[in-house]
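J.: Chain by chain, the residues:
Number of protein chains: 2
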Amino acid sequence: METVKIGLLGFGNVGTGVYKILQENGPEIAHREGLNIEIKKILVRDIHKRRSMDIDKAMFTNSIDDIINDPEISIVAEFIGGTEPAREYILKALEKGKTVVTANKEVLAKHWSELEKTARENGAGLYYEASVAGGIPVIKVFRESLQANRVYEIMGIINGTTNYILTKMSEEGRDFADILADAQKLGYAEPDPTSDIEGYDAMYKLSILASLGFHARIHLDSIYREGISGITVDDIKYGKELGFAVKLLAIAKKQGTNIEARVHPTFIPLDHPLASVRDSFNAIFVKGDSVGNLMLYGRGAGDLPTGSAIVSDIISACHQKGRHAYTTFYNGDKLSEEINIVTDWETEFFVRLTVRDKPGVLAKIAGIFGKHDVSMASVIQKGHSREEVPLIFVTHRAKELSMEKAINDIKCLDDVIKVENVIRVER
Amino acid sequence: METVKIGLLGFGNVGTGVYKILQENGPEIAHREGLNIEIKKILVRDIHKRRSMDIDKAMFTNSIDDIINDPEISIVAEFIGGTEPAREYILKALEKGKTVVTANKEVLAKHWSELEKTARENGAGLYYEASVAGGIPVIKVFRESLQANRVYEIMGIINGTTNYILTKMSEEGRDFADILADAQKLGYAEPDPTSDIEGYDAMYKLSILASLGFHARIHLDSIYREGISGITVDDIKYGKELGFAVKLLAIAKKQGTNIEARVHPTFIPLDHPLASVRDSFNAIFVKGDSVGNLMLYGRGAGDLPTGSAIVSDIISACHQKGRHAYTTFYNGDKLSEEINIVTDWETEFFVRLTVRDKPGVLAKIAGIFGKHDVSMASVIQKGHSREEVPLIFVTHRAKELSMEKAINDIKCLDDVIKVENVIRVER
Numbered sequence: 000m001e002t003v004k005i006g007l008l009g010f011g012n013v014g015t016g017v018y019k020i021l022q023e024n025g026p027e028i029a030h031r032e033g034l035n036i037e038i039k040k041i042l043v044r045d046i047h048k049r050r051s052m053d054i055d056k057a058m059f060t061n062s063i064d065d066i067i068n069d070p071e072i073s074i075v076a077e078f079i080g081g082t083e084p085a086r087e088y089i090l091k092a093l094e095k096g097k098t099v100v101t102a103n104k105e106v107l108a109k110h111w112s113e114l115e116k117t118a119r120e121n122g123a124g125l126y127y128e129a130s131v132a133g134g135i136p137v138i139k140v141f142r143e144s145l146q147a148n149r150v151y152e153i154m155g156i157i158n159g160t161t162n163y164i165l166t167k168m169s170e171e172g173r174d175f176a177d178i179l180a181d182a183q184k185l186g187y188a189e190p191d192p193t194s195d196i197e198g199y200d201a202m203y204k205l206s207i208l209a210s211l212g213f214h215a216r217i218h219l220d221s222i223y224r225e226g227i228s229g230i231t232v233d234d235i236k237y238g239k240e241l242g243f244a245v246k247l248l249a250i251a252k253k254q255g256t257n258i259e260a261r262v263h264p265t266f267i268p269l270d271h272p273l274a275s276v277r278d279s280f281n282a283i284f285v286k287g288d289s290v291g292n293l294m295l296y297g298r299g300a301g302d303l304p305t306g307s308a309i310v311s312d313i314i315s316a317c318h319q320k321g322r323h324a325y326t327t328f329y330n331g332d333k334l335s336e337e338i339n340i341v342t343d344w345e346t347e348f349f350v351r352l353t354v355r356d357k358p359g360v361l362a363k364i365a366g367i368f369g370k371h372d373v374s375m376a377s378v379i380q381k382g383h384s385r386e387e388v389p390l391i392f393v394t395h396r397a398k399e400l401s402m403e404k405a406i407n408d409i410k411c412l413d414d415v416i417k418v419e420n421v422i423r424v425e426r
Numbered sequence: 000m001e002t003v004k005i006g007l008l009g010f011g012n013v014g015t016g017v018y019k020i021l022q023e024n025g026p027e028i029a030h031r032e033g034l035n036i037e038i039k040k041i042l043v044r045d046i047h048k049r050r051s052m053d054i055d056k057a058m059f060t061n062s063i064d065d066i067i068n069d070p071e072i073s074i075v076a077e078f079i080g081g082t083e084p085a086r087e088y089i090l091k092a093l094e095k096g097k098t099v100v101t102a103n104k105e106v107l108a109k110h111w112s113e114l115e116k117t118a119r120e121n122g123a124g125l126y127y128e129a130s131v132a133g134g135i136p137v138i139k140v141f142r143e144s145l146q147a148n149r150v151y152e153i154m155g156i157i158n159g160t161t162n163y164i165l166t167k168m169s170e171e172g173r174d175f176a177d178i179l180a181d182a183q184k185l186g187y188a189e190p191d192p193t194s195d196i197e198g199y200d201a202m203y204k205l206s207i208l209a210s211l212g213f214h215a216r217i218h219l220d221s222i223y224r225e226g227i228s229g230i231t232v233d234d235i236k237y238g239k240e241l242g243f244a245v246k247l248l249a250i251a252k253k254q255g256t257n258i259e260a261r262v263h264p265t266f267i268p269l270d271h272p273l274a275s276v277r278d279s280f281n282a283i284f285v286k287g288d289s290v291g292n293l294m295l296y297g298r299g300a301g302d303l304p305t306g307s308a309i310v311s312d313i314i315s316a317c318h319q320k321g322r323h324a325y326t327t328f329y330n331g332d333k334l335s336e337e338i339n340i341v342t343d344w345e346t347e348f349f350v351r352l353t354v355r356d357k358p359g360v361l362a363k364i365a366g367i368f369g370k371h372d373v374s375m376a377s378v379i380q381k382g383h384s385r386e387e388v389p390l391i392f393v394t395h396r397a398k399e400l401s402m403e404k405a406i407n408d409i410k411c412l413d414d415v416i417k418v419e420n421v422i423r424v425e426r
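Those sequence lines, one after another, are chains V and L.
For the first sequence, numbering that gives the first Met the number 0 begins at 0 and goes up steadily by one.
For the second sequence, numbering that gives the first Met the number 0 begins at 0 and goes up steadily by one.
Hints are computed from structural coordinates only; laboratory data are not their basis.
Where hints are given, some of them may not hold.
If you want the ones that stay clear, here's a sample from chain L, every Cβ over 10 Å from chain V, calculated [as the list claims (entries may be wrong)]: (1) D45; (2) R50; (3) G242.
On the chain V side, residues computed to face chain L include the following (Cβ under 7 Å) [claimed, not checked]: (4) I20; (5) R31; (6) G134; (7) V140; (8) L269; (9) P272; (10) G291; (11) Y296; (12) P304; (13) G306; (14) I314; (15) T327.
This one's a predicted model, so the numbers in the text were calculated from it and none came from an experiment.
Using N, Cα and C, we set each Cβ at its ideal position, and we do this for glycine too.
With the rest of the complex left out, here is chain V:
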């Protein structure tokens, strides 16, 4: 049996997950895969820190060189996260011909070309199943199961924290701030939740997924990003009445050479497969010209689910030794002529206003929509007894910029007290 010695960079949540899985299922993996995977060194900041697990202290090091320069270590698994020093360590490992398995979406989304080029030049593998959607094997499915497809649409719930918050808001009718505070107490949200709440995390992951799906590098600055902090219980309530659930969706579409990529709160019909993805679960809905609609659903985070992806990558890397696959993009660091990033995309819109309850308001608003080529699909007007009433529209498909202009004009109407929210709708 082959013994493979690996080094871990980081020993937080994911690192301990990998350790536990190899402890628990190592013998089964050895039997089935013919591989004895042995953790030799673990890079940590503090080698004296008390750990919940009983691990030989000699395995810990605080020097990356102890791992990089160890010729016995052939695979390095990185879960430090963030850009630096993760990027530096990954490059160092690749330069030594060591294969790298990473859970780090940010470093991949920002420095993919550099990392992949270094891997290629040194005959090392670069594996990143754990970087998107934790335990869901979406990377392998894109790379190794959808080769016969032109993928033309990706819609993903790829941030667990925001899906948890939106699910709770929707099911318990409580405010965003309230649920976020609870989630932070329970450890479901970070003390600084910006990366999740404002969609950065989903943007990194979408950059990776869309790049793989469309075989073209979709850089971060090509992705529109909007978080969920503006979503209110009222939006959710009226959305439900109209048959919608709200999700933070990461969306990428390709039509010919036109590509659009965006992360924003989105209403989807309640019978859409993504609508029933609750709590912190993740799901990726893909459309390909051969496969049709495909959805992958599961745990997007957590020590064991993410560890599952890491260990799977380590096993794949061992079997692929000497012939690692590299990703082929139609474009490199720059957009090629073949790819055109679209920003004036089309969606339906949910528009929620507070207006004065006067005759003619609806007609004025309808007039503005018409002027900007936005046509209405449905209207809800609630309660005629009060001075101020909610007025909700759902439009047919309209251009992003047309809607922006229409909303600016609507804001100027005397009888429009407030444009409460504008939420895009996908089907």
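Given the structure of chain V, go ahead and fit chain L onto it with the hints provided.
T.: Coordinates of chain L only, in the frame set by chain V:
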């Protein structure tokens, strides 16, 4: 660029799907994968038959030997279906060292050991992604993404025809026979629908999935099978009231060395991810000790989705040339000591009776349940005005054999007019 010449066995639905995909996406595949996949020969019954596609007649043959003995053909893709002559042809191809890609669940479920042994002995590959759930890459996910897991539960909607019928019955309130007749007219169900309706098709597929998931050959005779022809609109209506959707589920569970495998109509809670799998869509819900809950959803049949899986397998086979992976089971043709097939499994039950509306009936039935260690979770009793009333129970978890005995006793009660149905419940 490498050119790979392949032979197709069969040119029905799936065969033409493969042809279309290679026509349409061949150049992209060549660019990305470095493979020029060329169909050289197609085995058909009638080489003179008129075909919808414009294909060089010289490609067709009605002799398997033209393909088996062609040294240029390195991969044979089989979609004849059924046991013979598919088995014979696959074996012949493997014996010549040709890799086989098959969509044939029946031949695999029945002759897996023989096929795999022959492949191994001749250094040929055996790939079967398309054999279960069409375009959904469940085989590769089991084999190459869940290696770090002990899979302990599989629940699948893996027959599109029955899911289509149950969805229509549920949404339109029409009878089984009615919808089946329509489905046959529309080509969604076979003229002889037995294999779908009575669960044989799902049983073949479950045998494959459970074998891969548990790393133990689960033979067809170890699988309990029950079809959907006994499900009525009333069952569905009362189920809905209780918060359930009905699905033909293929279920396999493993606890220690105990394995249960069964195909039967099943009630699942409406908020279960499988409950929203509508129409002819398929989905496989898996629980693993590391990954947690994972679900794959998509098109389980059709020329292009199944073709997507076939072409993906062909590409994988090319990349794996010289080191195809073979499946390792804890047992071979026979059950080993490590594996114990359980038939007296535990589920909750939905029991629908028609009883005489008399005092004491409920008490008598409750008494019988109690005697057989079945405890009730909920009861619905409808309408007190008529002589005969429906009486519906949902039980807590109970043993299969205990329920069988209880039902036999209940049938003997004077005031029980009919045991309308007994449907298992999973959560």
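J.: Going through the earlier hints one by one, which of them does the structure break, listed in rising order?
T.: 8
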